[in-house]
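S.K.: Below, each chain spelled out in residue letters.
There are 2 protein chains.
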Amino acid sequence: MAERNFLVITHGEFGIELIKSVEMIIGSQDHVKGLGLRPGESVDNLKQLAIELVEKNTSEGRETVVFCDILGGSPSNVGLFLLSKEGVNYVATGVNMTMLISILTSGEEDTLTLLEEAKQEVEEGLRLIDLSFIKK
Amino acid sequence: MAERNFLVITHGEFGIELIKSVEMIIGSQDHVKGLGLRPGESVDNLKQLAIELVEKNTSEGRETVVFCDILGGSPSNVGLFLLSKEGVNYVATGVNMTMLISILTSGEEDTLTLLEEAKQEVEEGLRLIDLSFIKK
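Here the protein sequences come in this chain order: A and B.
FYI, our numbering numbers position 82 of the first sequence as 82, with every residue one higher than the one before it.
FYI, our numbering numbers position 52 of the second sequence as 52, with every residue one higher than the one before it.
It is worth saying that the hints were derived from the structure and are not from the lab.
Do not take every clue at face value.
Since the list gives no way to pick out one identical chain from another, each pair is judged satisfied if it fits inside one copy or across any two copies.
List time: in silico DSS-like cross-link candidates among lysine-lysine, alpha-carbon distance up to 27 Å [as the list claims (entries may be wrong)]: (1) Lys47 to Lys20; (2) Lys33 to Lys47; (3) Lys85 to Lys47; (4) Lys85 to Lys56; (5) Lys85 to Lys33.
Being a predicted model, the structure only gives us computed values, none of them experimental.
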């Protein structure tokens, strides 16, 4: 397996809870962490926590791949800042359950390929199901 | 505005927290509720809570649009079951922050158009940002 960790940064608790929800399906995960910006909390504090996680991963020889809720806002600002740090090469936005399951269950070694495949899976997972699915 | 409510059903707390995170950005929302299937909890209980919400909405003359984390698993099974209920016409899967912000801030009257526009916004919001964004 490729030597990399994943970091999910979102407004509020949703990224942290998303990881727990994903673990309900695929089991406990060692290589993904979540950070949330809670209402009233300092962005500088979030940034510092993110930097510490990245530096720990890098010191262990592991890349950090960053996921954010949306492009725009403090969580993605922190994510984009992290690109200036050694060991961070990609920030992906629009995180959802399909995306996390895809990257956590893939055996793909190349990070860019991993992320492109995850994006495709997210697109395929956007299903709109209507009444034709059942007979009322 | 169209007379409709939104219901987000996910594994664990992530849908409930996603709503709170969205509210950090666009303010408090009256027409969206979240339900989560927590580890060890009964699917029948989740289904009953969902039915009660739908029936309340329908009795108030409001459509219920259902969002799920992924297609497959108990939350989406409950969502698909809800299509058999009066007032439920669509279940969308792959919910994320972009999707909820899109549907909660749209003035679109037609629900199918609303959901198709949200899907397109989610696809546009899947950004992969690399080192070229900054100069190391």
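S.K.: Take the hints in turn and mark each one as holding or not.
M.R.: Here is how each hint holds up against the structure:
no.: 1; hint: Lys47 to Lys20; verdict: both (22 Å within a copy, 21 Å between copies)
no.: 2; hint: Lys33 to Lys47; verdict: within (14 Å within a copy, 31 Å between copies)
no.: 3; hint: Lys85 to Lys47; verdict: within (12 Å within a copy, 46 Å between copies)
no.: 4; hint: Lys85 to Lys56; verdict: within (12 Å within a copy, 51 Å between copies)
no.: 5; hint: Lys85 to Lys33; verdict: within (17 Å within a copy, 39 Å between copies)
No hint from the list above goes unmet by this structure.
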